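Undergrad: Go ahead and model the full structure; you've got the sequences and the hints to work with.
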Amino acid sequence: MVTFQFIPYNDIENLTSAKRINKLLNVVKENRIVLMEGRLSREEEADLIEITMEEIGPKFKGVEISVIYPDRSKQDPMQKIKGTFANLLLGERQGFTIIGPASIVKKIEKNPDKIELFTKEANSQRRSKVRKS
Amino acid sequence: MVTSFFKGFLKRFSFNPLSRKSNLKLGLYGPPNGGKSTLANRICVDWLGQEMSTVSHIAHETREINIKEQVNIKNKKGKELTFSLVDTPGIATRIDYEDFIKKGLKKTDAKKRAKEATKGVIDAIKWLDNMDSVVVVLDATIDPYSQVNITIIGNLQARNIPVLIVANKVDLKKANIEAIKAAFPQYPIVSISAKYGKNVEEFYEQIFKLVK
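Residue numbers (our numbering), protein chains in the order written: chain A, 6 to 138; chain B, 16 to 227.
In short, the hints are calculated from the structure, not lab data.
Quick list of in silico lysine to aspartate or glutamate cross-link-like pairs, EDC-like style, CA-CA up to 16 Å:
#  : chain 1 : residue 1 : chain 2 : residue 2
1  : A       : K125      : B       : D114
2  : A       : K64       : B       : D114
3  : A       : K34       : B       : D111
4  : B       : K141      : A       : E49
5  : A       : K111      : B       : D158
6  : B       : K134      : A       : E55
7  : A       : K125      : B       : E113
8  : A       : K112      : B       : D114
9  : A       : K125      : B       : D111
10 : A       : K66       : B       : E113
11 : B       : K130      : A       : E59
12 : B       : K141      : A       : D52
13 : B       : K130      : A       : E55
14 : B       : K130      : A       : E60
15 : A       : K64       : B       : D111
16 : A       : K119      : B       : D158
Covered stretches of chain A, going by a simulated chain B footprint (3 or more residues, C-beta under 8 Å):
#  : stretch
17 : 39 to 52
18 : 56 to 64
19 : 67 to 74
If you're wondering where the values come from, they're calculated on a predicted model, not measured in any experiment. Don't be surprised by glycine CBs; every beta carbon is placed ideally from N, CA and C.
TA: Take a look at the structure:
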């Protein structure tokens, strides 16, 4: 069985970057797949990789991560302005972030508007799909 | 984030551009097994007559930052450019020693390699702040929409570091340059085979444009 845990942006909004990353990694280390509303900043994504590397050991092999995000190049100017204001006022709530433990998630394949998640379970490979509406 | 912004700002508006040019650092970044060390060797053999890194079909062969100083290249117009070439370990989000065992390594060697590889990834990320320009080396036979690629390029953009994307391994049938162009349309992309030297002249021309 694969367990997904939804983390709304409200849950991480007021946390420092370090605490955000720790919160996400703690869920992943419990062998659950994080479905987070919104995305981390680019610097936080790099920090997430660094901290993941520091914590790799016999029981933790790392993570698989993918972010699905509206393609700004396909938005008209008004949508871009709205999106920028929304981000400034409400934080990076747009999009979705998936982080899974490498021991469970074999790979995540991403096309611009579709994510396919391949899991390792009982020597078989399963596929889950998340599509952007 | 604020620190990297100011570093980038000061770098752009430095009043002593000669100091930057004389010690220019050109980094090779990307996921493991994209061909960074093969490209580093190609550059060094072409211009210095010697290789700088070891290469292997097993991922994470480069686990330390390798620097070759005073690499001097020339273009067709006779213009010269000198830089320090920095070959970095491949950036990954997962490292499992069992993957190395599957490639034929002994358990102790596999564990050692995995431990060194994790440190290499951390070093590569920390070194981002030291780069003046970066070549992101991608394996053109692999789906480019990986979060590692997006994170590397996003962090370079956040630091105002000029980026050139190399679509490597175009000698292979599965190579899909169009997929890389579609994934990163806002960046210059040059397709090469670092192993066989295909289209490297165009790559060198792009380097001059990158660090101008």
